[in-house]
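> Quick mapping for you: the protein sequence lines, in order, are chains E and F. When we follow the working numbering, the leftmost residue of the first sequence carries the number 1, and every step to the right adds one. When we follow the working numbering, the leftmost residue of the second sequence carries the number 1, and every step to the right adds one.
Quick caveat, the hints were computed from the structure, so don't treat them as lab data. One thing to keep in mind: the hints can contain errors.
Quick list of in silico lysine-lysine cross-link-like pairs, DSS-like style, CA-CA up to 25 Å [claimed, not checked]:
(1) E:Lys188 - F:Lys45
(2) E:Lys170 - E:Lys124
(3) F:Lys45 - E:Lys170
(4) E:Lys170 - E:Lys142
(5) E:Lys158 - E:Lys234
(6) E:Lys188 - E:Lys170
(7) E:Lys174 - F:Lys45
(8) E:Lys188 - E:Lys142
(9) E:Lys104 - E:Lys250
All values reported here derive from a predicted model rather than from experimental measurement.
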Amino acid sequence: MKKIYICLGIVSILTFSGCGKKEPESAAKEEATAPATAPATIDDANAATVTGKVAFSGDKPTMRNIDMSANPACARAHSGAPPKSEEVVVNDNGTLKNVFVWVKSGLPERQWPVPSTPVELTQKGCMYGPHVIGVMANQNIKIVNNDPTNHNIHPLPKINQEWNESQPPKGEDKLKRFAREEVMIPVKCNVHPWMRSYIGVVNHPFFAVTGDDGTFTIKGLPPGTYTLEAWHEKYAPQDVQVTVGAKESKTVDFPFKAS
Amino acid sequence: MKNVWLHRYVVLWAFCTLFLVVAGGLVTSHDAGLSVPDWPLSYGKLMPTMEGNIFYEHGHRMVATTVGLLTIFMAVWLWRAEDRRWMQNLGWIALLAVTAQGVLGGLTVIFLLPRPVSIGHACLAQLFFSTTVAISVFSSPSWKRGSIMVDDDGAPPLHWLAIGAPLCVFIQLALGAAARHQAIGILPHVAGAVVATGMVLWFTVRVLMRHADYDSLRRSALALVSVTFLQVFLGIAAYMSRLATAEAPQPMPVMVGFTVAHVAVGALTMAASVVLSIQVFRNVRRPMPAMQTARIAIPF
Ligand code: HEM
Ligand code: HEM
Numbered sequence: 001m002k003k004i005y006i007c008l009g010i011v012s013i014l015t016f017s018g019c020g021k022k023e024p025e026s027a028a029k030e031e032a033t034a035p036a037t038a039p040a041t042i043d044d045a046n047a048a049t050v051t052g053k054v055a056f057s058g059d060k061p062t063m064r065n066i067d068m069s070a071n072p073a074c075a076r077a078h079s080g081a082p083p084k085s086e087e088v089v090v091n092d093n094g095t096l097k098n099v100f101v102w103v104k105s106g107l108p109e110r111q112w113p114v115p116s117t118p119v120e121l122t123q124k125g126c127m128y129g130p131h132v133i134g135v136m137a138n139q140n141i142k143i144v145n146n147d148p149t150n151h152n153i154h155p156l157p158k159i160n161q162e163w164n165e166s167q168p169p170k171g172e173d174k175l176k177r178f179a180r181e182e183v184m185i186p187v188k189c190n191v192h193p194w195m196r197s198y199i200g201v202v203n204h205p206f207f208a209v210t211g212d213d214g215t216f217t218i219k220g221l222p223p224g225t226y227t228l229e230a231w232h233e234k235y236a237p238q239d240v241q242v243t244v245g246a247k248e249s250k251t252v253d254f255p256f257k258a259s
Numbered sequence: 001m002k003n004v005w006l007h008r009y010v011v012l013w014a015f016c017t018l019f020l021v022v023a024g025g026l027v028t029s030h031d032a033g034l035s036v037p038d039w040p041l042s043y044g045k046l047m048p049t050m051e052g053n054i055f056y057e058h059g060h061r062m063v064a065t066t067v068g069l070l071t072i073f074m075a076v077w078l079w080r081a082e083d084r085r086w087m088q089n090l091g092w093i094a095l096l097a098v099t100a101q102g103v104l105g106g107l108t109v110i111f112l113l114p115r116p117v118s119i120g121h122a123c124l125a126q127l128f129f130s131t132t133v134a135i136s137v138f139s140s141p142s143w144k145r146g147s148i149m150v151d152d153d154g155a156p157p158l159h160w161l162a163i164g165a166p167l168c169v170f171i172q173l174a175l176g177a178a179a180r181h182q183a184i185g186i187l188p189h190v191a192g193a194v195v196a197t198g199m200v201l202w203f204t205v206r207v208l209m210r211h212a213d214y215d216s217l218r219r220s221a222l223a224l225v226s227v228t229f230l231q232v233f234l235g236i237a238a239y240m241s242r243l244a245t246a247e248a249p250q251p252m253p254v255m256v257g258f259t260v261a262h263v264a265v266g267a268l269t270m271a272a273s274v275v276l277s278i279q280v281f282r283n284v285r286r287p288m289p290a291m292q293t294a295r296i297a298i299p300f
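Required output: the full structure, derived from the provided sequences and hints.
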């Protein structure tokens, strides 16, 4: 049976790959022939900064415990207290963690330099860390498995190419990237169905993710008027307009409310 | 007598297939389909570590391989031991179906669960299970004792209902699979439940009112009507458990239990409707136009 499966599998894969794989190829070509805009450098002397915080009001939702008993290797990593879902994390200072803040529009048409250092996404205790990351399009993401268990990494993009790969216990790190801007790409592990993270892919370097203090800083902006968006996995995204002059610093706050 | 063991074997095969349907339902409900990214091997091996959801996905593949082997053996046995040509052919058809099913399963993994493939895999699983049950009926000793030939001149002809009811149940399964794999909402499936249950009631009540004296017809009709009611109850429970656990960070046992039971009893509903139809086609004489006196051939 296995042999029949294998043969039929190969035949159908060959047939199907003909139609299935065309899309990314032509997409790659499209990208290659796109008119190259002048590479931009960040003009530090005149650059503006936008900082702010993501405030949270209303009743702080209680997050549910995650039951890792299906995989003892995961449960052991949390022998103290069971881990909680990270869907909504409200910081002690009343701010919201894991909010992706980015410049949605208003930037001049330029090619911003892509950092050569990758952003790390770690699997530890069968949770992703950090829960939300931001990268530039074509910037590498280094995926690390620190767990003594198998993971599969399965991003669910709508614009970029979807993929699904396994990573054995303490296996080699993976370098992955996404070619197009997409806010946000959910990532899941089907071995451990509670694992969930989000990747924001942006064409420029003007983005930030709120941490334990709920603040964000976007530096190096050319003077101009921008729309900033704050994205959270549970609550509706919020947009704010901001105008900054050369060397100016402005503060923008996003008020999120419990739903 | 020589075929008693063949019949027992076929029944065992059908039970294994029902178990396989349960194993498949567990894969979908746990969202485990992609926990093993490669196929035909699993993590490059025949036997990966059975941890987390890999247990469901790889377990499903193992049960499927077993059922595949059982099907090959069954087809060969029918071919060697069966006198009825159409039965031999049915064995080959079952083998073809299980092979296609395995390929669909592999493709859905490799192409990251495209909806049409997952839905096709879910529907073909149901049809395949019905085929195993049909072969069990055809190979049974009671089948070999011959048919009873009763008359039924009701309107619409009972044979129409015998085609309509399994057809409605099948459409209902397909709508359920489309809803389960998020291709459509749940409304068509709930509306379909009214139609399918109505058809089943019409069919079974008609058989029970007119032909309850005949064991094979009465039993098949009772089985179909009870399993359908159970299925409607499980459908409501599956729906409510989905709603109740929508906020949970992972698939919850209540939801998994009810949805998998609904998939499995769905397979039983389909099979029961096929069995009653088979019994009707075999045992109920088709109403003949008044002038026609020639005997018509009855299938099976
Ligand atoms: C050969 C006989 C097989 C049968 C009768 C069968 C049956 C099923 C059933 C009933 C389901 C559940 C569908 C649902 O709940 O909607 C399922 C799901 C699944 N099966 Fe199979 N299966 C077979 C072989 C395979 C094989 C060889 C693979 C190989 C990888 C496979 C992979 C899957 C996957 C990945 C799912 C989950 C699909 C999803 O969540 O979208 N199956 N199968
Ligand atoms: C004769 C009646 C019914 C039959 C034969 C039937 C059959 C099925 C089958 C076979 C599936 C799964 C398809 C697959 O393999 O993927 C399904 C899914 C489903 N059915 Fe039904 N069904 C019936 C009635 C109902 C009713 C009355 C409800 C009530 C709301 C319901 C709710 C559902 C839901 C919510 C799902 C998706 C389960 C999930 O989310 O995983 N069904 N149905």
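> Determine for every hint whether it applies to the structure shown.
Hints, verified against the model:
no. : hint                : verdict
1   : E:Lys188 - F:Lys45  : 23 Å, holds
2   : E:Lys170 - E:Lys124 : 10 Å, holds
3   : F:Lys45 - E:Lys170  : 18 Å, holds
4   : E:Lys170 - E:Lys142 : 14 Å, holds
5   : E:Lys158 - E:Lys234 : 18 Å, holds
6   : E:Lys188 - E:Lys170 : 18 Å, holds
7   : E:Lys174 - F:Lys45  : 21 Å, holds
8   : E:Lys188 - E:Lys142 : 16 Å, holds
9   : E:Lys104 - E:Lys250 : 17 Å, holds
Of the hints listed earlier, there is not a single one the structure fails to meet.
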